[in-house]
Structure formats: C-alpha cells, structure tokens
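Required output: the full structure, derived from the provided sequences and hints.
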Amino acid sequence: MLAVDAAPNPWFDPSYVTREWDTIVDLAGEHVRLTVGAVVLGALIALPLALLARRSRWLAGPVLGLSTLIYTIPSLAMFAFIAPATGLTTTTVLVGLVLYSLVILVRNFLAGLRSVPPDVREAAQGMGYGPVRLFWQVELPLALPSFIAGLRVATVSTVALVTVGVIVGHGGLGQLITGGFAANFYRAEIVTGVVGCVLLALIGDLLLAGAERVLTPWSRRVAA
Amino acid sequence: MNRLQDAVVYLNDPFNWTRPNGIVDLLVEHLRISGLAVLVALLIGVPVGALLGHTGRGGGFVVGLSNVSRAVPTLALLTLFAVTPIGFGPTATTIALAVFAIPPVLSNTHVGFRGVDRDVVEASRAMGMDGRQVLLRAELPLAVPMVMTGVRTAAVQVVATATLAALVAGGGLGQIITLGFRQQDYGAVLAGALVVAGLAVLTELALAVLSWAVTPGQRQLPWTRLRVRRRVQATSPL
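Residue numbers (the numbering used here), protein chains in the order written: chain A, 23 to 246; chain B, 3 to 240.
Hints listed in this document are in silico derivations from the structure and should not be mistaken for laboratory results. All of these numbers come straight from a predicted model, not from anything done at the bench. Glycine included, every Cβ here is placed at the ideal spot set by N, Cα and C. Treat the hints with care, since some could be wrong.
[Unchecked claim] Derived list of chain A stretches under chain B, where covered just means 3 residues or more per stretch with a C-beta under 8 Å from a C-beta of chain B:
| hint | segment |
| --- | --- |
| 1 | 91-103 |
| 2 | 118-128 |
[As the list claims (entries may be wrong)] Just a sample of chain A residues kept apart from chain B, beta carbon distances all over 12 Å, derived:
| hint | residue |
| --- | --- |
| 3 | Arg41 |
| 4 | Val142 |
| 5 | Ile170 |
| 6 | Ser179 |
| 7 | Leu198 |
| 8 | Thr238 |
In structure tokens, the structure reads:
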C-alpha cells in the first residue's frame, strides 16, 4: 500500500545504531537528565507536602484531590499549558514531569509515613527524640520501602512521559520515535527510541531496587 | 495573560467549533476512537481477568504485564502500530489505545475476583452453585467495584493518551495543540489544552458516577469514601 513497504525497512538495524551513536547518546543524556531532575525535584516537593498532609486531616483531602486532578490532565495538554509561559525549552518538560511525579510521590510518601506504628513513634518520643531526630532515625527508615516504591513507579512512568516532550522539541529518546515517523516511517530509528526508553526505565528501576537493598539491611536479614 | 485572552477568543469563536475539522468534529473523532478502544479492552480484559482471578492462576503474569506496560512510552505504542502494514490513522490509534487499556482493566478485574472472600465462595458452593454460577452470581457482584476502578483508570488513560495520536498523524483533539505549536499560535495551544483537560476531567467524573450507579449493595462515590468509612467505624465496635 505504502511505497516504503517496497523498500527495505527492517525493524532492527544495528548499522543505524552505530552510525547515529552520538545522536542517540545525546538524546539519551537529555532523557536521563530530565527524568532524574523531575524525580529529584518531585521528591523534594512531595516530602514536605506529605509531612503536612499527615499532620492535618483537612489538608490531606485537598492535597490528594489536587494531585489526582493533575494526573487526569493529558500530558500533551499539560505541556501545552506550561509552554506559553516557559517557551520551547526543557523547563516546560521538566515542570510538567515534576507535576506528574508529585502525584505518585505524595501518595506513597504519605502511605509510608502513615505505616509507621504509633507506638514506635511514642516510644521514640518517650526516649527524648525531638521531631527532627524522630524523622531521620525512626520514621524515615521505617517508611523507606514505601518511599522507594513510590520513587520506582515515578521513575518508570517519567521515563515514558519524557517522550511527549517532543511537542516542544525536548523529548529525549522520544525524538527518535517522532523523527523516524517523520522520516518516511523509518522503523530502525523508531525501534531504537522505544527500546532505549524501555531500557532506561528498567535500569532506573533496578538501580532504585538495589538502593533499597543497600539502605535497608535489616529487612534483608529477616528475609534470609 | 495575553495568550489566555487569545485562548478565550479562540474558544468563543463559533467558527472554530463548527467548521470542518473544528472542535466538534475532533471531539466526536476523539470520543469514537477512545470509546472503541475501551470497549475492546473491556471485551478482552474483563473475561480474562475474571477467569484468572476465579481460578487463582496467572497472578504473576498479570502483575508483570501491568508493570511492563507502565515502562513502554504510549507515544511508542501509537507509532509502532502506525508503521506496521495497518498504516497510520484511526485504526492504528484505536488498536494501540486498546492494547494500552488492557493491563489496567485486566489487573483490576483480577484483583477484584481474587479479593472475594473465600468464605463467600465456599458458602455459594455449599449452596449447590457450579463454577459458572459462583463466578457470575457470587464473585462478579462483589468484584464490580474493583472492575469499575479498572475501567475508570483505563478510560481516563485512553482519553488522555488519544491526544498524543496527533503527534503521529492520528486524529483527535490533540490536533488543536499540535497545530497550534506548528503555527506558533499559543492562543490555540492553550485553547486546545483547556478543551482536552476538560474532557479528561469530565470523563473521570462521568465514570465515577457510572461506577457508583452499577455497584450493587453499599454504594459510595469516590469523594464520599472517608465519611462512609468513619460511620462504619463508629457503629462496628459492639
């Protein structure tokens, strides 16, 4: 039907990867920077929000409700809302990604904080722990599995979302997907972008899972 | 602020709504593609999820599927079907969206059916129900809330993702945004974003009401959950 079907257009073409290696690495770098930036910024904003939401019951409703509303908004529309203010820059993509990661992170952080047994907190307070030490030495370690679970989900979904950034010209590996589409359905380029995205998501997930193992030696001992 | 005014002007111009390929046309196309995709996902996801949950098999498969699906960029899925012999256009978009919608429907249905109290299943067996009857008359009604949560998640995702189709020459409301970006017309971009976001939020609300309506027994809208739970707590310790 299409003329391209007649020409050789393989799904996998190693020569494409070697030929365009520099471009791929550049785009993957942008992809990683955007993902890491979004998740780190999201975590920095989500933690105080989760602490606030735990403290007061009337704040928890609006915080969770607002974050659900944000997640409902399509990614393309989200970037379109931000772009008129920030232009065709990576900032647009980053702001959108942070907003999405917040949704996941606040929920998981709050669940983690709520999973700390009240008697443990009371015992620590009874031993004279102030709020800061209580958080760092008691609550944070106990809530860590839930925190990391949130970070893992946020990382994986952010890697996938970065691709939508092509609308403002900063989509990381998503650039390859739309680029190949525009270049007469060049499959090798599209597949490289897709496989690259999935690999990045997998690596990020594994790294965080490893970090959890390293940071929570006590749970490892129990499991063994 | 100037661009917001542009957007309001764009949205207030009846011509932008009714012209060929205007907002109304794109909205109809968007809803047709999304509706079809969700329907296909339902027809595949609910029976498979129900069977797997009923028999208690394939739990690992369902979890794995829903995890992997989160890592695959939706844009990629939309593109991949377009470069197969299916070609680009509404068909490829619908198939991609249906594939994308199956994991949430499947996994929620599975969890819903798995979560049915074993005592209830045993009781219905003791009353002489066969496997089919247990599935349809005992497990299904109890699993409906979870199934509907999956449907809602899937439908909202699909409506939101259908906007991305415009990036790869599929149809739908996303076209207003992509066209706006191409023409450097940020008023149109904002207007498109408003329409798309509004549609997504409306979808969420409509389906929340729908799942309230089809849930047998104790009904609750998502936003009334807290109050209901507290009332139950207040009456239970006897």
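Going through the hints against the structure:
no.: 1; hint: 91-103; verdict: holds (count 10)
no.: 2; hint: 118-128; verdict: violated (count 0)
no.: 3; hint: Arg41; verdict: holds, 20 Å
no.: 4; hint: Val142; verdict: holds, 23 Å
no.: 5; hint: Ile170; verdict: holds, 15 Å
no.: 6; hint: Ser179; verdict: violated, 6 Å
no.: 7; hint: Leu198; verdict: violated, 10 Å
no.: 8; hint: Thr238; verdict: holds, 21 Å
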